[in-house]
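Sequence lines, in order, name chains W and U. Sequential numbering of the first sequence, starting at 11, is according to my numbering. Sequential numbering of the second sequence, starting at 304, is according to my numbering.
Bear in mind the hints are in silico, worked out from the structure with no lab data behind them. The reader is advised that the hints may include incorrect statements.
A partial selection of chain W residues facing chain U, derived with a Cβ cut-off under 8 angstroms [claimed, not checked]:
#1 Leu54
#2 Phe99
#3 Phe109
Note that CB positions come from ideal geometry on N, CA and C, so glycine has one too.
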Amino acid sequence: GNSVTQMEGPVTLSEEAFLTINCTYTATGYPSLFWYVQYPGEGLQLLLKATKADDKGSNKGFEATYRKETTSFHLEKGSVQVSDSAVYFCASPLGGQNFVFGPGTRLSVLP
Amino acid sequence: DTGVSQDPRHKITKRGQNVTFRCDPISEHNRLYWYRQTLGQGPEFLTYFQNEAQLEKSRLLSDRFSAERPKGSFSTLEIQRTEQGDSAMYLCASSPQANYGYTFGSGTRLTVV
Numbered sequence: 011g012n013s014v015t016q017m018e019g020p021v022t023l024s025e026e027a028f029l030t031i032n033c034t035y036t037a038t039g040y041p042s043l044f045w046y047v048q049y050p051g052e053g054l055q056l057l058l059k060a061t062k063a064d065d066k067g068s069n070k071g072f073e074a075t076y077r078k079e080t081t082s083f084h085l086e087k088g089s090v091q092v093s094d095s096a097v098y099f100c101a102s103p104l105g106g107q108n109f110v111f112g113p114g115t116r117l118s119v120l121p
Numbered sequence: 304d305t306g307v308s309q310d311p312r313h314k315i316t317k318r319g320q321n322v323t324f325r326c327d328p329i330s331e332h333n334r335l336y337w338y339r340q341t342l343g344q345g346p347e348f349l350t351y352f353q354n355e356a357q358l359e360k361s362r363l364l365s366d367r368f369s370a371e372r373p374k375g376s377f378s379t380l381e382i383q384r385t386e387q388g389d390s391a392m393y394l395c396a397s398s399p400q401a402n403y404g405y406t407f408g409s410g411t412r413l414t415v416v
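Isolated chain W (complex conformation) (with noise of 0.2 angstroms):
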């Protein structure tokens, strides 16, 4: 059936260092591709979109790229910050009326 697949986590990462979380999806057709942030105590926040193939969405120095052929939106930033500390969900409609959300990957950068 019509999934969101994110990488486990948590992620642990040094100020400064790189980031990858994956995201893949499983759905018919090509559906907008979302990435949520919760930080601590907070709800859940968008951080970036993508409404396309090959469209990329960017927000706050994160990237992701919309790949149709791996059915993927991995999220990026180039140098993390002890406030990107949070949980990271990739969500989509696959194609219905309400979003489907992956599990989450909690991120703590460390000082």
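On the provided structure of chain W, position chain U as indicated by the hints.
Chain U in isolation, oriented as in the chain W frame:
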């Protein structure tokens, strides 16, 4: 507009009691969603409204759960005869159209003791 508001932020209830949560979406958004999130998991879809019509319900939404959105504005989620397994964060989100992306509220954390 202050975003999506949920009330209460926290609720502790005894098993078997009924609870009701409220969500006030962004006023221009005609779509409203309820999700449930347990520790270490992603949000799981419960139900969705377009204006006042409840268009989809998840299998997770047992007959003890009911949601309403009278007049297409705020929404309520009621859980009857609560069980310990209902303990979770209940999230409300709204959006102006399909595939647009959600704006989430801060959630209501339910603890059933």
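Tested hints:
| no. | hint | in the structure |
| --- | --- | --- |
| 1 | Leu54 | holds (4 angstroms) |
| 2 | Phe99 | holds (5 angstroms) |
| 3 | Phe109 | holds (6 angstroms) |
No hint from the list above goes unmet by this structure.
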